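There are 2 protein chains.
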Amino acid sequence: MKQNDPIQAARTGKATFVIRNANVVNVFTKEILHTDVALYEDTIIGVGAGYTAPKEMDAHGAYLCPGFIDAHVHIESSMVTPDSFARVIMPHGTTTIIADPHEIANVAGVAGIRAIYKLSDDLQLRVLFMMPSCVPATPFEHSGATLLAEDMEQFMRKSRILGLGEVMDSVSTINGNKDMLDKLRLFDKRPIDGHAPLLSGLDLNAYRVAGPSTDHECSNYDEVLEKLRTGMKVLIRIGSAANGIDEILKKIVEDHLPTDNIMFCTDDKHIENIQREGHINCIARLAVQCGIDPVEAVRMASYNAARAYGLNMIGAIAPGYKAEMVLFKDLKDFEVVGVFNRFGKPFDDTPAHMPVLPPQVFNSVHIAPLDEHSFDLPVKAEMPVIGLIPGQLVTEKRIKRVRSENGLFLPGDGLNKLAVIERHHALGYIGLGIVEGMNITNGAIASTVAHDSHNLVVVGDNDRDMRIAAESLVDCGGGFCVVSQGIVLSRLPLPIAGIITDAPVAQVLEIQRALLDAAASLGAGGQSDPLVTLSFLALPVIPAIRLTDEGLFDAENFRFFE
Amino acid sequence: MKQNDPIQAARTGKATFVIRNANVVNVFTKEILHTDVALYEDTIIGVGAGYTAPKEMDAHGAYLCPGFIDAHVHIESSMVTPDSFARVIMPHGTTTIIADPHEIANVAGVAGIRAIYKLSDDLQLRVLFMMPSCVPATPFEHSGATLLAEDMEQFMRKSRILGLGEVMDSVSTINGNKDMLDKLRLFDKRPIDGHAPLLSGLDLNAYRVAGPSTDHECSNYDEVLEKLRTGMKVLIRIGSAANGIDEILKKIVEDHLPTDNIMFCTDDKHIENIQREGHINCIARLAVQCGIDPVEAVRMASYNAARAYGLNMIGAIAPGYKAEMVLFKDLKDFEVVGVFNRFGKPFDDTPAHMPVLPPQVFNSVHIAPLDEHSFDLPVKAEMPVIGLIPGQLVTEKRIKRVRSENGLFLPGDGLNKLAVIERHHALGYIGLGIVEGMNITNGAIASTVAHDSHNLVVVGDNDRDMRIAAESLVDCGGGFCVVSQGIVLSRLPLPIAGIITDAPVAQVLEIQRALLDAAASLGAGGQSDPLVTLSFLALPVIPAIRLTDEGLFDAENFRFFE
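From first to last, the protein sequence lines stand for chains A and B. Reading the first sequence from the start, the letters are residues 1 to 562 in my numbering. Reading the second sequence from the start, the letters are residues 1 to 562 in my numbering.
No lab work stands behind these hints, which were simulated from the structure alone. Fair warning: this is a prediction, and the values are worked out from it, not measured in the lab. Among the clues, some could well be false.
Copies of the same chain are indistinguishable here, so a pair counts whether it falls within one copy or spans any two.
Straight-line C-alpha distance at most 30 Å; calculated DSBU-like pairs for lysine-lysine [what the hints assert, rightly or not]:
id : residue 1 : residue 2
1  : Lys2      : Lys178
2  : Lys158    : Lys178
3  : Lys332    : Lys30
4  : Lys189    : Lys118
5  : Lys14     : Lys178
6  : Lys380    : Lys400
7  : Lys158    : Lys2
8  : Lys14     : Lys189
9  : Lys345    : Lys189
10 : Lys250    : Lys329
11 : Lys345    : Lys118
12 : Lys345    : Lys329
Please model the complete structure; the sequences and the hints are all you need to start from.
Below you can see the structure in the form of structure tokens.
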């Protein structure tokens with residue numbers, strides 16, 4: 001398309017496609033105008049009467065909105081490729097995501113970022129990125145890579161890299177850690193995502209001065225208000241859990257708080273949940289239920305995010321904007337009638353061509369050889385134990401009497417053994433610990449999805465099954481598996497960096513169900529998904545007690561146990 | 001200042017300066033919070049309690065706002081240097097201007113832009129620029145320079161060049177003129193100012209598709225509404241004239257139109273008027289009088305403009321923002337109590353150091369030699385005449401019987417002779433015409449300020465005085481002068497490009513009064529300022545009849561008279 005083509009189409013009224021009879025939401029004036037919208041290929045050239053086109057459609061009064069934007073999401077958490085993920089979310093009206101490839105960067109560094117960039121290059125979904133700021137997430141574990149400011153410079157001119165991803169390490173930031181300040185300086189003219197749960201007062205102000213300009217971790221209204229006052233953009237997050245968001249939304253209405261700097265994100269949301277309840281449209285629905293004006297909700301779901309991230313070509317239905325749009329039956333349930341993709345065409349569920357990725361991305365699981373003593377865990381009579389709380393990701397430290405043989409821990413009495421095996425560079429690190437509440441008997445469950453360093457985590461009641469489970473994941477390039485009595489009951493290979501598969505979504509969901517059934521057959525499950533629980537047990541930033549490949553970690557005092 | 005210094009100051013509460021007891025306008029939440037504001041040098045590090053500093057001030061409850069922003073202004077129209085202009089406007093609370101150096105670019109091209117950039121390099125005022133898009137303004141006259149996209153590339157990395165300046169030539173734009181599209185493409189990721197009075201419907205949409213994203217020419221509410229709907233930012237302009245703006249503001253209130261994309265500008269405002277009524281604060285005052293909420297008015301005067309032009313470090317009082325602020329006695333009259341400049345220090349009227357400019361900027365007036373026949377104007381019995389309308393810039397075409405001698409025009413009966421002399425490259429072009437309503441007897445008035453090409457324009461009732469006036473301006477490098485009976489009665493030299501002087505403001509105003517007195521002694525004046533009238537007589541884009549160095553121009557049909 002030549003630069004002049006859409007201009008002449010706009011001037012003469014000769015469009016390539018016209019949507020007639022739509023209720024068009026104007027995010028600038030907050031009006032709903034019953035009119036036509038004209039496109040020239042992927043570009044909106046006019047809103048109003050006076051356009052003809054060889055193809056047109058009648059919207060029958062449906063509500064035409066700018067395509068919705070997920071302002072912060074980790075694609076890798078879906079375990080499927082960006083294309084598969086796109087085809088899950090687009091039917092719910094999301095046409096742009098701002099993704100932080102933090103997970104794949106922790107495994108494969110710069111090559112991982114390049115891989116996910118390539119995987120999202122030519123999709124119907126607009127996939128934009130923030131450069132992961134905290135790789136590794138903490139100094140208490142071995143990840144696959146380290147990203148410094150100097151590693152990021154090569155990405156500064158990539159058109160789909162918008163800014164710096166969530167700055168989770170607020171302590172380093174406000175203490176002026178040099179590596180962190182170097183990254184913040186590199187991105188100082190661009191959006192910088194924050195991640196600062198409950199940070200307040202002088203510390204919050206120092207964090208803001210350092211650079212982060214958004215936050216998606218607010219858990220109550222006062223936190224929203226304080227952060228907005230500092231000029232932060234607040235991302236209302238409804239991922240797989242949505243604690244307290246409705247209270248926040250109701251209070252926004254009650255206080256007449258301006259919503260210009262409020263937008264929506266999912267962060268992490270399971271594919272099944274997206275399929276069942278929707279994506280960003282599900283947050284818009286809740287917002288309207290809580291009393292937010294429907295047009296305001298549409299703005300929060302589109303325009304506000306576009307503006308916050310400096311995107312001047314999307315987020316509105318107006319001449320010159322890209323024709324990424326969604327038709328809703330109404331602005332209450334936000335049920336989708338139609339979606340226009342990044343090319344201005346109706347969304348189409350055909351898979352995209354899978355690009356060729358560099359081999360190291362497919363060959364990411366490297367552990368030092370295991371033997372029958374690899375999981376030997378010397379214990380005293382009483383030991384600190386990771387206590388699971390049903391339905392929650394936080395754990396609690398419990399001191400338990402444990403069984404032993406020859407001074408080594410013997411699982412049983414509701415206690416399982418947990419191992420975190422360094423799996424990136426075969427360094428030989430294995431952290432060992434005891435977990436209560438996983439309730440596995442006669443088997444083991446293993447995963448290479450283990451936030452944020454994605455080491456190989458395995459839990460079980462006997463060393464043999466644990467070792468078989470770990471080695472089974474090495475064999476398939478990573479993933480999840482359930483082993484019992486020497487047999488692999490179920491396995492989900494995730495060959496891309498050990499965290500993503502290019503298998504179709506339906507197949508992934510089917511294997512996930514098989515994995516859960518297999519885990520249940522060992523006794524694991526109940527209120528919590530044991531796979532999710534397992535994949536968070538190695539994350540040292542969540543209270544209260546975790547295990548990394550370097551040992552048992554006191555996540556409240558930020559140090560290892562003796 | 002090191003990157004870490006303000007962060008640590010924010011964290012520890014150890015500021016360099018604290019403003020206590022202010023009513024702080026928060027543009028994000030639209031609140032007014034009675035509290036303290038802490039600075040570290042030029043940066044705001046916190047709003048709230050908990051800060052100490054070696055120096056502090058008590059605001060006594062005055063209203064602390066982000067420094068006001070003039071979103072579109074031509075510094076050259078003030079005829080003084082950026083430093084002098086800064087010291088005129090800053091006492092009225094304006095701390096940032098977005099300037100279009102269109103006038104100096106028409107005279108001196110790239111060198112002119114470099115000169116005004118240098119003249120504004122180190123001021124207390126933040127001076128940002130848009131690259132002039134229409135040099136020359138029209139093909140119907142000779143200007144000093146031509147600016148193509150290729151000439152602009154060298155400026156793309158200059159930190160104070162924000163985008164492309166007002167795209168006045170909407171016809172070329174929507175017709176897809178290649179030179180224009182090249183410029184628009186060069187700036188397609190940046191703000192592009194529009195200038196599209198009364199453009200509407202398909203033409204407006206085509207103009208938007210081409211790129212311009214702001215407009216400061218709206219003269220009625222429907223035009224505002226239509227342009228906002230297209231996603232344009234609307235700049236409410238009150239320069240030296242303010243026709244109909246109060247009606248627009250009242251209707252915005254009545255219609256509950258969102259103001260996020262509305263901001264303020266002056267475009268051109270005489271220094272005397274600024275001194276008398278204020279600058280951007282004068283527009284805020286009118287907005288509040290018209291019913292705009294005072295906090296909304298502050299947002300329009302600061303935050304909205306910052307956001308529209310992608311400025312994320314100014315426009316708000318919050319940690320990390322630059323401490324460019326203004327204290328007002330109230331948010332009704334917007335009387336200024338104090339101003340904090342670009343360095344976070346109280347405004348100080350000391351002149352800045354005058355930088356060295358390249359010699360060609362001081363040596364810009366070059367005309368072919370004049371002789372006693374240069375102004376010979378052959379006429380018929382009846383001639384088209386430029387008819388002045390008192391108090392207006394538009395002219396009307398009048399057909400008049402004229403006196404003549406040997407077939408040449410003889411001034412008299414209320415008719416003067418007008419000449420526009422090409423003055424950039426001594427090409428020898430002289431346009432000649434007849435003007436009614438200037439009312440000069442026994443003399444001539446000349447100017448090298450003649451929008452937009454700034455040729456030498458001279459009007460009088462006899463050729464001798466006209467020639468003396470023109471040559472007097474050549475001698476002093478340009479400016480204004482009034483001549484009677486062979487004697488220069490008064491002269492304002494404007495040695496920088498023939499349109500700006502480095503003389504102090506008070507002296508400029510004094511000479512301007514002397515010029516007006518001298519003009520009045522010839523009979524010129526009355527309802528209109530004859531100097532302003534003269535400087536617009538060569539502008540071919542204003543109806544109905546104009547004179548350029550190439551001849552008498554029919555500004556309604558965009559062609560020369562036969």
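Do the hints match the structure? See the list:
1. Lys2 - Lys178: For lysine 2 and lysine 178, the Cα distance is within 30 Å only across copies (12 Å; inside one copy 46 Å).
2. Lys158 - Lys178: The answer is both: 25 Å in one copy and 28 Å across copies each meet 30 Å.
3. Lys332 - Lys30: So lysine 332 and lysine 30 pass the 30 Å test inside a copy (16 Å) and across (27 Å) alike.
4. Lys189 - Lys118: both (25 Å within a copy, 23 Å between copies)
5. Lys14 - Lys178: This pair counts as between: shortest inter-copy Cα distance 21 Å, intra-copy 56 Å.
6. Lys380 - Lys400: Classified as within; 10 Å inside a copy, 115 Å across copies.
7. Lys158 - Lys2: Classified as both: same-chain Cα gap 22 Å, cross-chain 29 Å, threshold 30 Å.
8. Lys14 - Lys189: Between copies only: 26 Å across chains, 40 Å inside a chain, cut-off 30 Å.
9. Lys345 - Lys189: Answer is between; shortest inter-copy Cα gap is 24 Å, intra-copy 34 Å.
10. Lys250 - Lys329: Within one copy, since 24 Å is at most 30 Å while 35 Å is not.
11. Lys345 - Lys118: Cα proximity of lysine 345 and lysine 118: one copy only (22 Å, versus 49 Å across).
12. Lys345 - Lys329: within (19 Å within a copy, 55 Å between copies)
Violated hints: none; the structure is consistent with every hint.
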